[in-house]
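Protein chains in written order, with full-length UniProt numbering: chain V, 1 to 108; chain S, 1 to 617; chain H, 1 to 350; chain G, 1 to 207.
Among the clues, some could well be false.
Claimed, not checked - With a straight-line Cα cutoff of 25 angstroms, these simulated BS3-like cross-link-like pairs (lysine-lysine) come out:
| # | chain 1 | residue 1 | chain 2 | residue 2 |
| --- | --- | --- | --- | --- |
| 1 | V | Lys16 | G | Lys98 |
| 2 | S | Lys537 | H | Lys83 |
| 3 | G | Lys97 | S | Lys600 |
| 4 | H | Lys339 | H | Lys297 |
Don't read these hints as lab results, they were simulated from the structure.
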Amino acid sequence: MTDNANTNNVVDEYQKTKNKEELKGHLISFAMMIVATLIAFGIVASGVMGKIYAIPVLVLLAVVQVAFQFYYFMHLKEKGNSMTALLIYGGIWAAALTVTGLGAITWW
Amino acid sequence: MSVTATQKRGLGSAIWDYLTTVDHKKIAHLYLAGGGLFFILGGIEALLIRIQLMKPENDFVSAGLYNEIITMHGTTMIFLAAMPLLLGLMNAAMPLQIGARDVAFPFLNSLGFWLFMLGGILLNCSWFMGGAPDAGWTAYAPLSTTSPGHGVDFYILGLQIAGAGTLMGGINFLVTIINMRAPGMTYMRMPLFTWTTFITSILILFAFPALTIGLFLLMFERLFGAAFFDVSLGGNAIIWQHLFWIFGHPEVYILILPCFGVFSDVFSTFSRKRLFGYTAMVFSTIVIAFLGFMVWAHHMFTVGLGPVANTIFSVATMAIAVPTGVKIFNWLATLWGGRITVNSAMLWSLAFIPSFTIGGMTGVMVATVAADYQYHDTYFVIAHFHYVIVGGTVFGIFAGLHYWWPKMFGRILNEALGKTAFWLFFIGFHLTFFIQHFLGLMGMPRRYWVFLEDQGLDTGNLISSIGAFFMAAGVIIFFINIIYTAAKGEKVSGDPYDGRTLEWSIASPPPHYNFKQLPLVRGLDPLWIEKMEGNGKMTPAEPLGDIHMPNNSFIPFMISFGLFIAGFGFIYHNDNMIGTIAMFGGMAIALLSMLTRSVKDDLGYHISKEELEKEAE
Amino acid sequence: MKGWMGKLKVFSLLGFLALALAGCGKENLTALVPKGYGAHTSMKLIILTTIIMTFVFLVVMIVYVIVLLRFRAKKGQEDYIPKQVEGHIGLETVWTIIPIILLIIIAVPTTIATFKLADDSDAKDHINVEVTGNQFWWHFNYDDEKVQTSQDLYIPTGKKVYLHMKSSDVIHSFWVPAIAGKMDVNAENTNTMYLKADEEGVYWGKCAEFCGDSHSLMDFKVIAVSPDKYEKWVKDMKSFDPDQKPETAAAQEGKDLFKEKNCMGCHAIGSSPIQTAPNLTDFGNRSKLAGVKEPTKENIMQWIQDPESMKPGNKMTGKYPAVSKDEAEKLAEYLMQLKPSDVTPESVSE
Amino acid sequence: MSHHDVLHPETLPAEPEKATLEGRNKYLGFWFFLGGETVLFASLFGTYISLRNSTADGPSAHDMFGLDLVFIMTILLLTSSLTSVYAMYHMKNNAFKKMMLWLGITGLLGLGFLSLEIYEFTHYITEYGFTFRSSAFGSAFYTLVGFHGGHVTFGILWLASLMIRNAKRGLNLYNAPKFNTFSLYWHFIDVVWVFVFTVVYLMGKVG
Ligand code: HEA
Ligand code: HEA
Ligand code: CUA
Ligand SMILES: [Cu+2]
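Based on the sequences and whatever the hints tell you, model everything.
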């Protein structure tokens with residue numbers, strides 16, 4: 001097997017350190033996501049919180065996780081992605097309306 | 001491939017060329033032909049409706065058949081006629097307007113078309129296979145979940161397939177506009193039609209998934225025994241209404257916004273003026289789209305959502321009148337002080353202003369919730385939406401066709417025929433639909449197969465029916481015009497109207513690579529700027545070089561065809577073995593075609609600089 | 001051809017046509033001649049919005065006509081290049097603000113009216129009727145009074161009558177244009193609305209939500225009578241004895257057939273909880289047969305023998321043994337003499 | 001740029017996935033697709049939320065759901081998101097083999113997730129007789145979670161075909177965008193799962 005990728009590997013050192021730093025950011029955000037997940041499961045498993053408090057907290061934790069995913073793992077924060085980000089916000093807006101609409105007013 | 005080479009080839013290879021084309025200009029032809037065909041179908045269905053309602057207690061068609069006709073009329077007109085015709089115009093003009101050689105995803109573009117076409121054919125096969133869908137274009141559960149036969153299944157599968165195609169079209173346009181604009185073509189220099197294509201695509205992207213899910217739920221319910229809408233198992237049929245209208249309301253703006261773009265371009269071209277209030281026009285388009293997602297429940301005022309929800313949605317709906325009004329007045333201001341030429345394209349556009357304003361105003365009237373308790377589900381609503389859809393969308397499509405016809409085909413549509421068609425249609429349109437406002441208030445609900453004698457509804461319905469025939473006459477003359485023009489129409493240059501935007505800076509019809517050299521854009525109405533500065537033509541932004549072109553491909557057709565077969569399979573898999581085989585076989589065809597696509601590298605080809613030089617002007 | 005002139009002609013023609021069109025439709029059906037609280041409420045908004053819309057339309061049309069008169073290309077203007085105006089912030093503001101004001105003028109009374117129409121806090125002090133929508137007929141249950149009826153809804157004038165509406169199958173919509181706006185009748189929840197009629201009369205009701213083949217034949221009547229007559233009607237209905245012997249022999253035979261042919265399996269006569277088919281207690285007083293046909297003997301016979309020919313897709317067809325012409329006549333005879341009360345649609349429509 | 005440059009570039013730029021117009025288009029187009037998917041899943045979530053108590057006397061969320069299994073599934077999927085980040089890191093460093101290795105691990109974690117989900121479904125069906133047709137809640141549950149599972153399945157198939165097709169080719173400007181789109185997709189699946197476990201399982205347990 002010829003791995004010709006290695007023969008022309010000219011990613012320079014500067015780039016490599018930059019990539020590495022990015023990776024560090026990813027590791028931290030991964031850790032945060034795990035923590036958020038643990039808290040979420042913990043709340044439910046231990047039953048320390050009443051329903052009225054638990055649900056908003058759970059939703060909040062989910063939103064935090066998603067922000068990490070979007071911004072770090074999926075690189076939404078990078079410049080040049082502003083149009084993408086704008087549109088995704090549009091999508092999230094439409095999605096939020098949909099969920100509220102269906103979830104809240106169906107049974108009114 | 002030069003123009004002469006294209007002409008020399010036989011019919012077979014021409015068909016093959018269209019089956020495999022990934023050229024947005026040819027895909028535009030396909031969309032226009034397909035959409036036109038379905039427009040005639042939907043129009044014939046409309047005539048049948050009007051014949052049945054010509055006199056009280058008519059028995060021209062049976063109740064069951066009538067319900068199939070109105071369902072198919074609404075579904076066909078919205079999904080298979082209006083939208084594809086608009087996508088056709090977008091494909092024909094938008095890439096040229098931004099100075100692009102191509103769209104971002106030529107392959108997807110072709111796939112989008114074939115999905116629409118085969119989805120539409122699948123839907124219409126229902127006529128020959130035991131009956132068309134009969135639950136209205138809105139397919140409210142539980143009427144749709146309990147409708148016997150396979151009609152509604154055809155509706156589900158047909159729209160699912162066609163809808164997937166539309167979604168792809170939307171994504172393709174978005175990326176094209178963001179990534180492929182010519183040098184200097186900033187967002188705020190884009191022609192209004194490009195802007196509205198952009199915003200419409202966003203609407204498609206965020207609205208269609210709700211329909212997709214709605215249709216999935218309906219399909220699971222009808223074909224696989226799910227219980228989303230089945231009250232006896234805890235289901236709730238109102239969910240369907242929400243999903244449908246979360247899609248459905250943005251959908252009506254999908255229908256009108258592109259036409260707003262057409263009118264903006266036409267008005268500014270034929271009054272020889274720059275569009276008045278360009279920024280306000282762009283901004284109002286965005287506001288309409290934004291608000292468009294927050295008003296869906298205005299179709300559900302009588303469902304019993306309660307006064308809080310009803311008033312919120314009512315006020316949000318009315319708010320849309322503001323940005324739309326901004327548009328109307330900016331158009332008037334564009335015309336004001338201009339040098340107005342009235343040709344066919346302009347006639348349709350001028351007629352749009354009063355017609356659409358009436359439709360918009362009745363829109364605000366039906367948005368007035370406590371009054372909508374009277375209007376809802378009556379001919380008043382029918383009148384409202386035909387005023388906006390026919391007076392807005394259909395007029396816009398006609399205007400766009402007349403406007404860009406010379407660009408697309410190199411020949412200009414005949415003016416005398418064009419004007420005759422316009423007047424017949426215009427008069428017929430008001431005759432048909434104005435009276436319906438009164439019919440509704442006088443107590444005529446919609447989707448009524450017959451109306452009874454002695455209810456004061458006879459004259460109104462008769463007038464309405466007569467009007468429909470005027471419209472038919474107009475449409476027929478328009479088609480005669482097309483044939484006439486194809487045979488002996490006047491040939492025109494690249495810029496027959498003293499145009500302002502980039503599409504008029506190249507030949508008619510454009511070469512398949514559009515721009516030999518990408519133009520350098522120096523402002524809004526780039527061609528006009530160059531003309532005013534005495535250059536007469538665009539300055540190139542790059543030296544002449546090789547042009548990269550995508551390869552033709554038969555795979556889009558095959559994928560769509562596979563899904564088409566699978567569609568039949570899903571519908572019949574509960575009935576017999578052939579259905580099951582078709583289901584798996586069709587999916588296999590589609591998946592294998594997709595796999596072929598992903599495994600085979602497709603890098604396109606290059607037109608060399610030398611060839612381009614040889615093709616010199 | 002001159003665009004604007006043609007258009008003007010068309011518009012004025014249409015205007016006259018509209019005026020000439022028999023006023024406002026048929027009395028007691030049209031929403032344009034309101035005779036009940038809900039319809040008045042809607043009508044006020046209809047008038048308000050129509051005035052505002054006419055104003056807006058006139059403004060648009062005046063500018064439009066001026067534009068077309070003044071700015072069409074004239075001969076010798078081929079090379080004229082108009083001033084390329086970018087826009088005007090002041091104008092933009094004006095045509096943003098004025099519509100907003102107009103909309104506020106509409107929105108405020110709309111909100112008030114909507115909350116008023118939805119207010120059911122005083123329901124228990126009034127008459128309450130359970131309404132059931134069925135493909136393709138209506139059932140009315142006066143639960144407090146223990147009275148059942150179908151197709152014809154009797155209400156007292158000047159009083160609020162609360163309707164609690166539910167469907168037994170698909171969605172329907174209850175609409176009596178002259179008295180009140182419509183409300184959907186769903187299977188998953190009970191919707192409430194109220195009627196309040198100004199004056200006596202037989203009002204046409206329609207099903208406004210698409211519900212299948214005979215959606216257009218799902219008419220019903222609201223019979224508004226004076227409160228005294230209403231009390232009498234309730235009393236008569238309550239005291240009706242389904243077992244009482246019919247006067248003629250043919251009717252008696254019809255009564256027997258009604259059992260024999262299994263009509264009783266679906267149709268109740270008298271106050272019975274059965275709701276699979278219209279309650280026929282006061283069938284002899286019905287203003288229409290099956291909601292839409294004249295209740296003549298011939299029509300009733302035809303209905304009994306072949307309901308499909310009158311109402312496609314109805315739920316009676318094929319559910320009972322065949323009925324001969326003779327039998328149908330007797331059944332009709334029996335059903336037509338079911339007149340528990342002299343408070344009838346005729347008694348108010350004169 | 002000639003074909004040769006795309007398939008056999010002399011050097012790979014820093015962000016190979018966005019170096020060509022095709023690559024940039026793909027990247028952007030895929031983001032938009034995910035935007036559409038957001039509304040798609042929102043519609044399913046909305047439906048689920050409004051039907052989650054409509055059990056028609058059948059088993060309810062509280063009766064059935066156990067947290068242990070879901071926790072393991074969550075960790076598997078979250079980790080797979082991280083491993084795909086590693087893969088992209090190596091892609092940017094032009095280390096093809098390492099990229100393939102991490103992609104492989106990602107796929108395996110996905111498979112693990114999927115098997116647990118299948119196990120979970122069969123468990124509900126056999127233990128509780130809780131099916132797609134049991135109640136509106138049943139339909140909504142299997143549809144929502146199943147749609148997500150379907151996305152995972154599709155992702156695994158997609159990954160497999162990408163890895164097999166490119167096993168012998170190394171990285172180039174033609175396939176780098178493809179790997180990158182896959183990783184976007186995979187993160188998105190993870191995002192959706194965060195909401196699935198929150199809304200369906202955790203909130204189901206809470207009541
Ligand atoms: C092209 C399609 C299109 C467009 C553009 C619109 C535009 C609007 N529509 Fe319409 N509508 C439909 C297509 C469309 N609609 C369809 C198909 C249905 C029925 C579906 C079905 O049930 O089958 C429907 C139904 C429908 C309903 C539901 C009625 C019912 O079933 O009871 C409502 C209710 O609010 C509504 C409102 C509006 C409003 C407020 C606008 C506004 O956007 C209009 C805005 C425009 C103007 C107002 C005119 C210009 C403005 C000015 C000159 C400024 C000044 C004006 C004022 C201050 C008023 N529409
Ligand atoms: C884009 C959308 C669109 C368009 C363009 C139209 C166009 C027309 N529509 Fe309608 N319509 C709907 C969308 C549309 N419609 C929808 C969504 C519904 C609701 C459905 C439902 O309730 O579910 C509806 C419902 C509807 C009804 C109410 C039915 C009912 O509730 O019972 C009526 C009744 O008059 C009607 C009439 C018409 C007429 C006369 C036209 C005319 O403008 C048509 C003009 C065109 C022609 C007349 C074609 C002429 C062509 C030929 C004659 C062939 C010539 C042949 C060759 C050239 C080869 N439509
Ligand atoms: Cu009942 Cu229409
Ligand atoms: Cu709407």
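Hints and how they fare:
no.	hint	verdict
1	V:Lys16 to G:Lys98	holds (15 angstroms)
2	S:Lys537 to H:Lys83	holds (21 angstroms)
3	G:Lys97 to S:Lys600	holds (22 angstroms)
4	H:Lys339 to H:Lys297	holds (15 angstroms)
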